[in-house]
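Trainee: Could you put together the complete structure from these sequences and hints?
If you read the sequences in order, they're chains Y and A.
The first sequence: position 517 = 517 (the UniProt record's numbering), numbered continuously.
The second sequence: position 283 = 283 (the UniProt record's numbering), numbered continuously.
Hints should not be assumed to be uniformly reliable.
Straight-line Cα separation of at most 25 Å, DSS-like style, residue types lysine-lysine; simulated pairs [claimed, not checked]: (1) Y/470 / Y/430; (2) Y/17 / Y/74; (3) Y/208 / Y/595; (4) A/186 / Y/430; (5) Y/470 / A/186; (6) Y/135 / Y/124.
Hints are computed from structural coordinates only; laboratory data are not their basis.
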Amino acid sequence: MTQAQSTTPALPAIRAKGLSVFGHRGGQPVSIADDVSIHVRPGESIAIVGESGSGKSITARAMLDLLPQGLDAKGVVELAGAPLAGLTRRQAQRLRGGELAFVMQDPFTMLNPISRCGEQITAKLRDENGKRLSKKARREQAHIRLGEVGISDPAVADRYPFELSGGMRQRVAIAAAIAENPRVLIADEPTTALDVTTQKEILELLSKLRDTHRLGLILITHDLRVAFSVCDRVYVMYAGEIIETGRPDDLVGAPRHPYTANLIEADPPIDRRLGSLASIPGSVPAPGSRPSGCRFAPRCQWAAPECEATHPSLETSFSGHAVRCARADEIATDLVADLHRHRQTVLTPLRVDDGSVPVISTRAARRVYGAKVAVASADVDVYRGESIGLVGESGSGKTTLARMMVGLTRPTSGSIRVAGVDLAAARVSKGEWETVRSTVQMAFQDPYSTLNPQRSVGSALRDGLRLTDKSSVPRRIDELLERVGLASSYARRMPAQLSGGERQRVAIARALARNPQVVVCDEVVSALDVSVQAHILNLLRELQSDLGLAYVFITHDLAVVRQVTDRIYVLKDGAIVEQSTTEKVLDDPQHDYTKRLIGSIPHVELMTPR
Amino acid sequence: MTDASALTGGRITPWRRSARRLKLPVAVGISVLFMALAVICVIAPFVAPHDPTFIDPTKSFLGPSLDHPLGTDQLGRDIVSRIIAGARTAVLAPLALAAGAVLLSTVLAVLAGYTGGRIDAVIGRANDILYSIPSLTVAIVIVGVVGGGFTLSIAVLMVFGLPGNIRLLRAAVLERVNLPYIEAAKMSGLSTPRILLTQLVPAISPLIVTSFFLQVTFAIVELSSLSFLGLGVAPGSPDWGLMLAENRAALSSNVWAAAGPALCLVALAVSSNLIGDWLYTRYEKAGRSR
Numbered sequence: 001m002t003q004a005q006s007t008t009p010a011l012p013a014i015r016a017k018g019l020s021v022f023g024h025r026g027g028q029p030v031s032i033a034d035d036v037s038i039h040v041r042p043g044e045s046i047a048i049v050g051e052s053g054s055g056k057s058i059t060a061r062a063m064l065d066l067l068p069q070g071l072d073a074k075g076v077v078e079l080a081g082a083p084l085a086g087l088t089r090r091q092a093q094r095l096r097g098g099e100l101a102f103v104m105q106d107p108f109t110m111l112n113p114i115s116r117c118g119e120q121i122t123a124k125l126r127d128e129n130g131k132r133l134s135k136k137a138r139r140e141q142a143h144i145r146l147g148e149v150g151i152s153d154p155a156v157a158d159r160y161p162f163e164l165s166g167g168m169r170q171r172v173a174i175a176a177a178i179a180e181n182p183r184v185l186i187a188d189e190p191t192t193a194l195d196v197t198t199q200k201e202i203l204e205l206l207s208k209l210r211d212t213h214r215l216g217l218i219l220i221t222h223d224l225r226v227a228f229s230v231c232d233r234v235y236v237m238y239a240g241e242i243i244e245t246g247r248p249d250d251l252v253g254a255p256r257h258p259y260t261a262n263l264i265e266a267d268p269p270i271d272r273r274l275g276s277l278a279s280i281p282g283s284v285p286a287p288g289s290r291p292s293g294c295r296f297a298p299r300c301q302w303a304a305p306e307c308e309a310t311h312p313s314l315e316t317s318f319s320g321h322a323v324r325c326a327r328a329d330e331i332a333t334d335l336v337a338d339l340h341r342h343r344q345t346v347l348t349p350l351r352v353d354d355g356s357v358p359v360i361s362t363r364a365a366r367r368v369y370g371a372k373v374a375v376a377s378a379d380v381d382v383y384r385g386e387s388i389g390l391v392g393e394s395g396s397g398k399t400t401l402a403r404m405m406v407g408l409t410r411p412t413s414g415s416i417r418v419a420g421v422d423l424a425a426a427r428v429s430k431g432e433w434e435t436v437r438s439t440v441q442m443a444f445q446d447p448y449s450t451l452n453p454q455r456s457v458g459s460a461l462r463d464g465l466r467l468t469d470k471s472s473v474p475r476r477i478d479e480l481l482e483r484v485g486l487a488s489s490y491a492r493r494m495p496a497q498l499s500g501g502e503r504q505r506v507a508i509a510r511a512l513a514r515n516p517q518v519v520v521c522d523e524v525v526s527a528l529d530v531s532v533q534a535h536i537l538n539l540l541r542e543l544q545s546d547l548g549l550a551y552v553f554i555t556h557d558l559a560v561v562r563q564v565t566d567r568i569y570v571l572k573d574g575a576i577v578e579q580s581t582t583e584k585v586l587d588d589p590q591h592d593y594t595k596r597l598i599g600s601i602p603h604v605e606l607m608t609p610r
Numbered sequence: 001m002t003d004a005s006a007l008t009g010g011r012i013t014p015w016r017r018s019a020r021r022l023k024l025p026v027a028v029g030i031s032v033l034f035m036a037l038a039v040i041c042v043i044a045p046f047v048a049p050h051d052p053t054f055i056d057p058t059k060s061f062l063g064p065s066l067d068h069p070l071g072t073d074q075l076g077r078d079i080v081s082r083i084i085a086g087a088r089t090a091v092l093a094p095l096a097l098a099a100g101a102v103l104l105s106t107v108l109a110v111l112a113g114y115t116g117g118r119i120d121a122v123i124g125r126a127n128d129i130l131y132s133i134p135s136l137t138v139a140i141v142i143v144g145v146v147g148g149g150f151t152l153s154i155a156v157l158m159v160f161g162l163p164g165n166i167r168l169l170r171a172a173v174l175e176r177v178n179l180p181y182i183e184a185a186k187m188s189g190l191s192t193p194r195i196l197l198t199q200l201v202p203a204i205s206p207l208i209v210t211s212f213f214l215q216v217t218f219a220i221v222e223l224s225s226l227s228f229l230g231l232g233v234a235p236g237s238p239d240w241g242l243m244l245a246e247n248r249a250a251l252s253s254n255v256w257a258a259a260g261p262a263l264c265l266v267a268l269a270v271s272s273n274l275i276g277d278w279l280y281t282r283y284e285k286a287g288r289s290r
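Mentor: This is the structure in structure tokens:
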């Protein structure tokens, strides 16, 4: 993927120099992104990676002149050597879509739902006289463009976006974006909403188009694996500025900024189970409250007094590898050694079945919605203190199965036994429900809707606590908060005052309020940044060893599964296609589907630093 | 978990922090002031300079003077005193009406939205029928036929205040019934009434507040319309709508006899609207999830 570099002409397809983005608060400008310089050559792909709040999307939008209302940009953006500043609104409009194309994260909202795909792809196409193409020519163009993005079925041009799958939609969106043969394609998290197998296809497609159309590809992503596996160069952003940039091999093998090293360490490996995941203390500072010195200094384990005093500049060391760290040279060897040591940490052993009676046991559990079979026939056992994973892509039925296990969804047929109570029975008595509730609890995916926005953290925990025991509730709220690593002052906070990771901690605390034996975790970390994800995964493992909890872990992320589960059930179209211990399934998959899932994960040698 | 305590700083952006501070826009400040004045008039009618019902035919339609700041009406009654006495019906009645309408709507909307099925269908269709009836016209007919009465007009308008609120609140309930926090409440074993009271109602509370103040505004206008038509309060009692009707003939002799209560009505309606709007924004911001 790096051969593109050898043939690069001198002129970059797009270059941003000293690009800064400002918001305004109380008449004062608040800087969101500072002095960002990025360039892409034709046929080259770069990635901008960073956690939420790093300013990566805002930077891309500033390059496209698509900033939201109230934000202003300063600096120079040049397209093929010509500055964009000073263009009239009309000229700028023609450039966007023409020379500069944009693909967004969500394929569900990016396309217009009431217009056919073919029309959306050809909407802006004009012939050499600036006239709209004839109907026939547009059809032809639509078919050609669809062919370019790997859709061979011409009928797709006549379909509406909602008739297509997420991956197909993303393809159509890309077809529309490249319809005018742009020089630059900016893709903002193009695969985040997609399944891993689809993600692989889309990434391959983007790489292919980069080569065939000599596109300058800018990929914005939070996913290190994606960035490192597809791109020629990677820019790492933190708190509004680029802190390190270089080739993926250099960054993975010898990161020079502590933040990059931390990010790589925090990303759970797919091929081994670590003793504990590295996490970064604290959180990304918000615009307006960023430190004046090195912005990472307060969270940095290498920080020295001089780091907080002066703001380091981006220094290029060799072969384009640049870093914004005052101590980069001093700590270089330590940093790599540290990374190496981290990857050598002891593996935690898997728990093995001790032959006891399962806490939850489903037999031939089946759930249908009308004609659609969500779960066909599932046999799952959850034993005390172990953790199992339900793995599969969207629509595989893993969430429905989990919801049946906790009694939120009634099975159509089959049996679901939780602590001896059959949830599929015609009538489940009140006492039996009590048994179920105090045996199994659930934590949900979306940190933003998991807590009632109008109720404080304390009252969210109080409900469950009062139902187990009415005495000394305030003290037990403090204990619960402490269990999940939050100060007792959090009880008075409202959800809006919490970060995503803190909300998930509260949600886990709420699940623990009833002292359950099993906690069902429905994608609890998938919406979190990688460093926060590491915090939560460590917390879950700690709770497991302290409280002897069992987990049912629903996730699409096999690296996460590797870190927390003992056994895995792989689901496809509502049926369990493979089940065994985590090691067996991930290291030696038997079913074709499992093999495909594992093969789709962007492959990076994060494991072996040089 | 020392790493987590470092998270305590949280990700509350300074923007949100300043939004949460009490910031009172000028218009809302004036509204609150006016509301406060109106409430003082309600609880302490003795602040009036004259007896609002004292008749002195010799002082008919006097212009503004030191003794009578807004002059007098046909029967020589002091306008300011009558406005102060009229605040009672002008403020209390709409508040009672709105409180009743919104309370009933909330109960019905939560019931319909949460249980769904047949209950939802019955409430929904009854609501549609009620919605299709022109409220003020029917209120005039009913109150007129039955023979007037302030309580009756409040009751009738309260019923007609339901449909809009039920629709709004039911939609809000439907949006939230399947959210994880409601499911988590079910999972923790809370009983259905408790889920409704402690989870669902707080979740839609910003909307309830807005509905309430919007309803107050409507009620102020509708109730004074009825009074204006002579269908509300008993003739002779101090009421802003009624004063408007009594004194509209005398615009040339003492314009303030009609303009005073009219301006008070407008100010009251606008105030309640502004306060409601501002409360909603603050409330919604405090609980906003993203």
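Trainee: Each of the hints needs a verdict: does it hold here or not?
Mentor: Hints, one by one, checked against the model:
{"no.": "1", "hint": "Y/470 / Y/430", "result": "holds, 19 Å"}
{"no.": "2", "hint": "Y/17 / Y/74", "result": "holds, 9 Å"}
{"no.": "3", "hint": "Y/208 / Y/595", "result": "holds, 24 Å"}
{"no.": "4", "hint": "A/186 / Y/430", "result": "holds, 13 Å"}
{"no.": "5", "hint": "Y/470 / A/186", "result": "holds, 18 Å"}
{"no.": "6", "hint": "Y/135 / Y/124", "result": "holds, 13 Å"}
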